[in-house]
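S.K.: Using the sequences provided together with the hints, build the complete structure.
Here the protein sequences line up with chains A and B, keeping their order. So the first sequence is numbered by full-length UniProt numbering: it starts at 1 and just counts up by one. So the second sequence is numbered by full-length UniProt numbering: it starts at 1 and just counts up by one.
Please keep in mind that the hints were generated in silico from the structure rather than gathered at the bench. Don't take every hint at face value.
[To be verified] 25 Å max Cα-Cα, derived BS3-like pairs, lysine-lysine: (1) A:LYS261 <-> A:LYS279; (2) A:LYS460 <-> B:LYS234; (3) B:LYS534 <-> A:LYS142; (4) B:LYS254 <-> A:LYS307; (5) A:LYS340 <-> B:LYS339; (6) A:LYS307 <-> B:LYS534; (7) B:LYS237 <-> A:LYS466; (8) A:LYS466 <-> B:LYS386; (9) A:LYS460 <-> B:LYS386; (10) A:LYS466 <-> B:LYS241; (11) B:LYS534 <-> A:LYS466; (12) A:LYS466 <-> B:LYS414; (13) A:LYS460 <-> B:LYS237.
Okay, here's what each chain looks like letter by letter:
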Amino acid sequence: MADLASRITKPDEAPAAAPEAAPVSAPASEEPKAPENETSIEESQSNLVKNEYEVEIKLSDLQNDTESPLYSVSSFDELGLPEAVNRGLLAINFKKPSKVQEKCLPLMLSDPPRNMIAQSQSGTGKTAAFVLTVLSRIDLSKPHQPQALLLAPSRELARQIQTVVQTIGQFCENLIVEAAIPGAISRETGVRGSVVVGTPGTVMDLVKRRQFDISQLKVLVIDEADNMLDQQGLGDQCVRVKNMLPKTIQILLFSATFPDKVLRFAERFAPNANQMKLKHKELTVKGISQMFMDCPTEKDKYDILCKLYGLMTIGSSVIFVRTRETANEIQKRMEADGHKVSALHGAYEGQSRDVLLDEFRSGRSKVLITTNVLARGIDVSSVSMVINYDIPMKGPGEREPDAETYLHRIGRTGRFGRVGVSISFVHDRRSFEALSQIAQFYGIDLIQLNPNDLDDTERKVQEVIKSSRAQAEYVPSATDSAV
Amino acid sequence: MAGSSPARPNGNQWASPSSRSVISDILAGDRNSEARHRLLIEAARREHERVREEAERVYQEHLLRQEQERLVEERKKEEERIRAEEQLAAERRKLNALKAKKIEIPPVLPDFEPAKAPSPAPKPASTASPSQPPATQVNGKTLFEKQPELQPASAPAAAKPFGGFGQTLTSAQPATAALKQSTPASAASSQLATSNLLGNNIQVNGTATATTIAKSPTPAPVQQGPDRLAVIHKNLKELRKSMLDQAKANQALKARMGDMRREIRKCVGQLTGGGAGVNRQQNNTIAALLREALENRVQSQLVDPNTFLVESRAPVQGPTNNDPQVPSLFIYLLNVFAKATISQFINEGGPRPETADPVGVCIAAVFSDPAFAWRGASMIDILLAKFRIVCPVLWGYRGSEKTEQGRARIGWWKDNGRWVTEQVHFDRMTGLGAGFAAISLRNFASSKKQNPYPPRHYWAAMAKIVNTPSGEISNTQCVVLKAMIQNYEEKFIHAYGTAALAALRTALVEFPARAPVKSSAVNSLQVVHDLLRKSTGAALG
Numbered sequence: 001m002a003d004l005a006s007r008i009t010k011p012d013e014a015p016a017a018a019p020e021a022a023p024v025s026a027p028a029s030e031e032p033k034a035p036e037n038e039t040s041i042e043e044s045q046s047n048l049v050k051n052e053y054e055v056e057i058k059l060s061d062l063q064n065d066t067e068s069p070l071y072s073v074s075s076f077d078e079l080g081l082p083e084a085v086n087r088g089l090l091a092i093n094f095k096k097p098s099k100v101q102e103k104c105l106p107l108m109l110s111d112p113p114r115n116m117i118a119q120s121q122s123g124t125g126k127t128a129a130f131v132l133t134v135l136s137r138i139d140l141s142k143p144h145q146p147q148a149l150l151l152a153p154s155r156e157l158a159r160q161i162q163t164v165v166q167t168i169g170q171f172c173e174n175l176i177v178e179a180a181i182p183g184a185i186s187r188e189t190g191v192r193g194s195v196v197v198g199t200p201g202t203v204m205d206l207v208k209r210r211q212f213d214i215s216q217l218k219v220l221v222i223d224e225a226d227n228m229l230d231q232q233g234l235g236d237q238c239v240r241v242k243n244m245l246p247k248t249i250q251i252l253l254f255s256a257t258f259p260d261k262v263l264r265f266a267e268r269f270a271p272n273a274n275q276m277k278l279k280h281k282e283l284t285v286k287g288i289s290q291m292f293m294d295c296p297t298e299k300d301k302y303d304i305l306c307k308l309y310g311l312m313t314i315g316s317s318v319i320f321v322r323t324r325e326t327a328n329e330i331q332k333r334m335e336a337d338g339h340k341v342s343a344l345h346g347a348y349e350g351q352s353r354d355v356l357l358d359e360f361r362s363g364r365s366k367v368l369i370t371t372n373v374l375a376r377g378i379d380v381s382s383v384s385m386v387i388n389y390d391i392p393m394k395g396p397g398e399r400e401p402d403a404e405t406y407l408h409r410i411g412r413t414g415r416f417g418r419v420g421v422s423i424s425f426v427h428d429r430r431s432f433e434a435l436s437q438i439a440q441f442y443g444i445d446l447i448q449l450n451p452n453d454l455d456d457t458e459r460k461v462q463e464v465i466k467s468s469r470a471q472a473e474y475v476p477s478a479t480d481s482a483v
Numbered sequence: 001m002a003g004s005s006p007a008r009p010n011g012n013q014w015a016s017p018s019s020r021s022v023i024s025d026i027l028a029g030d031r032n033s034e035a036r037h038r039l040l041i042e043a044a045r046r047e048h049e050r051v052r053e054e055a056e057r058v059y060q061e062h063l064l065r066q067e068q069e070r071l072v073e074e075r076k077k078e079e080e081r082i083r084a085e086e087q088l089a090a091e092r093r094k095l096n097a098l099k100a101k102k103i104e105i106p107p108v109l110p111d112f113e114p115a116k117a118p119s120p121a122p123k124p125a126s127t128a129s130p131s132q133p134p135a136t137q138v139n140g141k142t143l144f145e146k147q148p149e150l151q152p153a154s155a156p157a158a159a160k161p162f163g164g165f166g167q168t169l170t171s172a173q174p175a176t177a178a179l180k181q182s183t184p185a186s187a188a189s190s191q192l193a194t195s196n197l198l199g200n201n202i203q204v205n206g207t208a209t210a211t212t213i214a215k216s217p218t219p220a221p222v223q224q225g226p227d228r229l230a231v232i233h234k235n236l237k238e239l240r241k242s243m244l245d246q247a248k249a250n251q252a253l254k255a256r257m258g259d260m261r262r263e264i265r266k267c268v269g270q271l272t273g274g275g276a277g278v279n280r281q282q283n284n285t286i287a288a289l290l291r292e293a294l295e296n297r298v299q300s301q302l303v304d305p306n307t308f309l310v311e312s313r314a315p316v317q318g319p320t321n322n323d324p325q326v327p328s329l330f331i332y333l334l335n336v337f338a339k340a341t342i343s344q345f346i347n348e349g350g351p352r353p354e355t356a357d358p359v360g361v362c363i364a365a366v367f368s369d370p371a372f373a374w375r376g377a378s379m380i381d382i383l384l385a386k387f388r389i390v391c392p393v394l395w396g397y398r399g400s401e402k403t404e405q406g407r408a409r410i411g412w413w414k415d416n417g418r419w420v421t422e423q424v425h426f427d428r429m430t431g432l433g434a435g436f437a438a439i440s441l442r443n444f445a446s447s448k449k450q451n452p453y454p455p456r457h458y459w460a461a462m463a464k465i466v467n468t469p470s471g472e473i474s475n476t477q478c479v480v481l482k483a484m485i486q487n488y489e490e491k492f493i494h495a496y497g498t499a500a501l502a503a504l505r506t507a508l509v510e511f512p513a514r515a516p517v518k519s520s521a522v523n524s525l526q527v528v529h530d531l532l533r534k535s536t537g538a539a540l541g
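M.R.: Below, the structure is given as structure tokens:
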């Protein structure tokens, strides 16, 4: 028997415990001679050794699209963010601010604080923009004093924003971020974080129960603001929450869509706000290839759906359907075909929804089938395909095509300048017309796919993806050496 | 003391405060009273605490000793490194001097006899010299054989047997064995491996040189440039074209080929992390399709697999596939599989590097399967050929991101004649870096199969990046380096032990420190170190 000391389990085994094959010290060695020394095609003629003749990339090639929503020239360093926040950004591979960040951050960070209404396409960094503002505004020496409140329309989105604050703030000491969603705040202690992310209803309950000290809140952020201020229930709640808060609070409203009538209301909600707006033809993200599949009948949709997955390289995908029954049926079929699927819809409540979505976020399942509950905001960067299994409709009797929802749905892919594919299924005159109206509203050309000749469809899809990638959404700057 | 609790300072085991004898204790009338019982419990508790304290003290001592040992070892390693660097510096100075001289040497046909040259050093310089068209006539193989000669003698004797190791693509058995032998990370063995790496790098030189020459429009067309992987890549393109032609004439093939391709792509896309066995269905499907292709019921033409391998293979005893030719459909499907995995790395691993790992596992499974090997070794060169094209920095290629040629060399992609955006490029590199680690850091210790791409390739790739001269460090390299390290620290350390820690220090501390421009790509390497320190407490210095 070993002596006692060795029987104590050590909390952490030294990571280098077992040098199994350990040949080398630091791999200092002869430099691999740079291919720089070789002549490149043009130079070989003249026998030049060095690369003076390498052609510098022309500025005009790189900066020709200042209208791109991701185009920007400045760096995060120039924004004067706290050092710990900068490191957090690097840790998640944020190297340069996007346009909405670059334009809005100086305005939002200036003193005295002013309100802001910002509109920017899906996946262009709105969340990071307001999270950075929040992290710059709060005083970390008072970790238990609520100082920033962020409101979102769903518990999923609130949790997601909470995670973003925590990730970007991972190097900020004493940062406590709490989610004010049903079942997350202890009834005994109340809210004890400096940043609170929540849904309006729960926030109001907490304030009423005096479990949430709002006296020192400095920033109020409302994400998906058009949705939050428009919907009867949430709109009222938001106004009521706002009326309880200190009058000096800085209000930031963000969304990808701001229908006119909501915008007028938003201007009253956040008076004297700086504004950043888009025309609706500018709303679609160029990196998303938008196609539609002409299905012979409603029934054929299942089989065609499964075949889509061989046509292109797909990371994760989201399938939007109208009813739970369809969701369950598709789930069954796709699982039989080897896919790992999460189906998330109104039949699930609270924490079981969290579990399902976490499975999808973590990549344990790669297909998410959902109804409209998740159309907005959810950011899973590896989603490369969105399917509108049913065309989104709104209004009484669902007679009107829902252009906003369409945009938010396809915005689940093509995040931050990446390419994505959206495929909408039409199977009859009604669905075809609804989709045409949406396409017309945004001024997009939808490309038709044919389910019968897969070889041909495959070729077409590849071409479409290639050309949308070539639209150079994210334009780097050659002048900026500090990439 | 072994095997027992540490001795108490004095007294017997169950002594009550009054320290009566045990027997009288037992016989005492109050032996069952509650007070007595409490007393005993209290005594036991104290005893327990004492033992625990003692244990903790011993453990703390142990920790201290360990820490001390670690420091000593680290100091030794540090000294070793400085020695190596000094040696290297001297070596490099010599080489530079020789390079400067080289221009005067008139171009000659390279000598095929290695050892003859009186001074070995000028030779590599001239061989590697781009201004020497005759080098084109040397086929890849001969160049490789010349490797030992190219070693600029930092440890010539030791280096010699490893000449082939640098050839990252051959299954150079002796090198593997040697690497395994050098298990103890002693000073001697580290020297040895350093010279190993030397071999590598020089090797890269040769390769790199030849690439451009192959590309150059000089009259003599090169059929087999030393950058064999690029040639294989081209051959695979030819194969794809030939398959399409075959399909026009062969209905059975046409009917099956597209479905097989899509099925493989779908399966690769379905791979997920999360425990053993979750991807069994996908692995089985892919294997079944490859087996079907080998059976060749659709009668695709036969091809010589050597066309798609870095080194030609002669028939060997015993393996499943030994014929001089295999169905082209089989090679085609391996190519489809390789393409699908790399595409998955780029598209999915870019935004989320952790998704690369299950794909790496699947690659390892397919290419280690003896049923899909040929003449006793894996066909992984097909995958590597593709990989080498999309992520050349892993093979030691370097270039400036601000020049056309530089971008072409480091694998900056073009779409429709335009460079893809910076964001897209770095995304690609992130996915590919993670993918490379996912392929090359697989642990085959408990497997009966042979690892088709063992960790030494990971080491070599990392060495090629971190040994870049300061002035030539590019953001692309930093991004790839970060991606191949993050999430793979543990596997790397598992494969190389303390040597891995030293390598990580070089990559995460020294390499970014000497980068001339502190771009965010460079800084993000330091952040990997921060994260490592935060999550494991391992400070690399």
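S.K.: So which of the earlier hints does this model not fit?
M.R.: Failing hints, ascending: 6, 11.
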